[in-house]
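**Student:** Take a look at the letters that make up each chain.
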Amino acid sequence: MAIRPILLYPHQALKSTSIAVVPSDPAVQAVVQDMLDTLAASPGVALAAPQIGHAMQIIVADVSRKKGEAGHGLIVLLNPVILALEGRKSVREGCLSVPDYTGNVLRYEHALVEGLGPDGRVVTVSASGFEALAFQHEVDHLNGMLFLDRIHSLSTDLFRRKK
Amino acid sequence: MDHFAIVTAFGQDRPGIVALMADSLYQLGCNIEDTCMTRLRGEFTMMLMVRLPDGIAAEALGQRLTPYTTPLDLAVLCRAMPDQAATRQPALEIPTFMLSVYGADHPGIVAQVARTVAQHNGNITDMNTRVVGSGERPIYVMVLEIQLPEAQQADQLRQALEQLKPLLGVDLTFRPLESATF
Chain U
1 MAIRPILLYP HQALKSTSIA VVPSDPAVQA VVQDMLDTLA ASPGVALAAP
51 QIGHAMQIIV ADVSRKKGEA GHGLIVLLNP VILALEGRKS VREGCLSVPD
101 YTGNVLRYEH ALVEGLGPDG RVVTVSASGF EALAFQHEVD HLNGMLFLDR
151 IHSLSTDLFR RKK
Chain L
1001 MDHFAIVTAF GQDRPGIVAL MADSLYQLGC NIEDTCMTRL RGEFTMMLMV
1051 RLPDGIAAEA LGQRLTPYTT PLDLAVLCRA MPDQAATRQP ALEIPTFMLS
1101 VYGADHPGIV AQVARTVAQH NGNITDMNTR VVGSGERPIY VMVLEIQLPE
1151 AQQADQLRQA LEQLKPLLGV DLTFRPLESA TF
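Taken in order, these protein sequences are the chains called U and L.
The opening position of the first sequence corresponds to residue 1 in our numbering, with each subsequent residue numbered one higher.
The opening position of the second sequence corresponds to residue 1001 in our numbering, with each subsequent residue numbered one higher.
Don't read these hints as lab results, they were simulated from the structure.
Where hints are given, some of them may not hold.
[Said to hold, decoys possible] Here are some chain L residues pointing at chain U (derived, C-beta under 10 Å): (1) Arg1088; (2) Gln1089; (3) Glu1178.
[Claimed, not checked] Listed next, with one range per pair, are the computed distances between beta-carbon atoms: (4) U/Ala20 to L/Arg1014: 49 to 59 Å; (5) L/Arg1175 to U/Pro99: 17 to 27 Å; (6) U/Gly73 to L/Ala1080: 51 to 61 Å; (7) U/Pro5 to L/Gly1108: 52 to 62 Å; (8) L/Gln1153 to U/Met1: 43 to 53 Å; (9) U/Ala30 to L/Ala1118: 48 to 58 Å; (10) L/Pro1015 to U/Leu106: 26 to 36 Å.
Just so we're clear, the structure is a prediction, and the values are computed from it rather than from any experiment.
For every residue, glycine included, the Cβ atom is placed at its ideal position computed from N, Cα and C.
Go ahead and model the full structure; you've got the sequences and the hints to work with.
**Tutor:** This is the structure we're talking about:
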């Protein structure tokens, strides 16, 4: 149990691909607890294990930490997979691991995410809005993807013509 | 102590302008920091913030660049940047809004919209405009990013902008910029 520093790019842990985990593994449980402690002490609403230096497929999210957002409350997902996405939209996104910068990325309004809870049971979450964005962002971290890899346009995107 | 300059340059668009400018600055020992470059129809325009090497003042940089930029006929202007302005600021949680204004083109749209924003203490932090539509019926489109000191001031600004619609013959929307940090 500990609050870990949130790693900042260019730490290479943020660009590595995470591996699937076994819920009963005590090392996994320890990382989950560190992530919860770190999230509680951070200004953010979600974290992925690579952000505290573990190449493990674990994410935690609690969008209710943001004023006006409820979502599903605290969710811990091991080996999460996005099953379905719906409703493309452009969002200006930032990341605690890339401070002081935001960019326009393409995301989806709705996301159906499935993974294992810390107890090993299958958890399926149907998320919308801000919570859906959080899951998309965190699952990207497990694949070594940052929002910088997804910036689809500059601020002038409105004027770009489709040829 | 680092010293910074703002370099603006523009010229007829063609491949290689950025490469030439970046290479010239590199040869002179400058480090390119924040930049914004875009094409205004056939003209390519650049604004670059550069960290100056020891021994080159901002005023001298323009002259030093000229031999490099002459072949592409670029107009270049350099000016020292106050240290305070050059300092990287942490991203503050300032209420930020997007404003889209569009309508039949006529002189005065930008001036009146910008004046209204300024009168409500709005700070325009980014802005793009385009003349679009057919040659006979040009349409003016402007998109602004505006910061307000207090979110509560948004309603007053919105009302003032609404009043501009019949005066300028434009349509507009003013909305909070949704930004999510994870």
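**Student:** For every hint, state whether the structure bears it out.
**Tutor:** These are the hints, each one checked on the structure:
1. Arg1088: Given a least distance of 7 Å, the restraint on L/Arg1088 holds.
2. Gln1089: 8 Å, holds
3. Glu1178: 7 Å, holds
4. U/Ala20 to L/Arg1014: 49 to 59 Å: At 51 Å between Cβs, range holds.
5. L/Arg1175 to U/Pro99: 17 to 27 Å: This hint holds: roughly 26 Å between Cβ atoms.
6. U/Gly73 to L/Ala1080: 51 to 61 Å: Between U/Gly73 and L/Ala1080, where Cβ atoms are some 53 Å apart, the hint holds.
7. U/Pro5 to L/Gly1108: 52 to 62 Å: Check passed, 53 Å falls within 52 to 62 Å.
8. L/Gln1153 to U/Met1: 43 to 53 Å: 44 Å, holds
9. U/Ala30 to L/Ala1118: 48 to 58 Å: 55 Å, holds
10. L/Pro1015 to U/Leu106: 26 to 36 Å: Since L/Pro1015 and U/Leu106 have Cβ atoms about 28 Å apart, the given range 26 to 36 Å holds.
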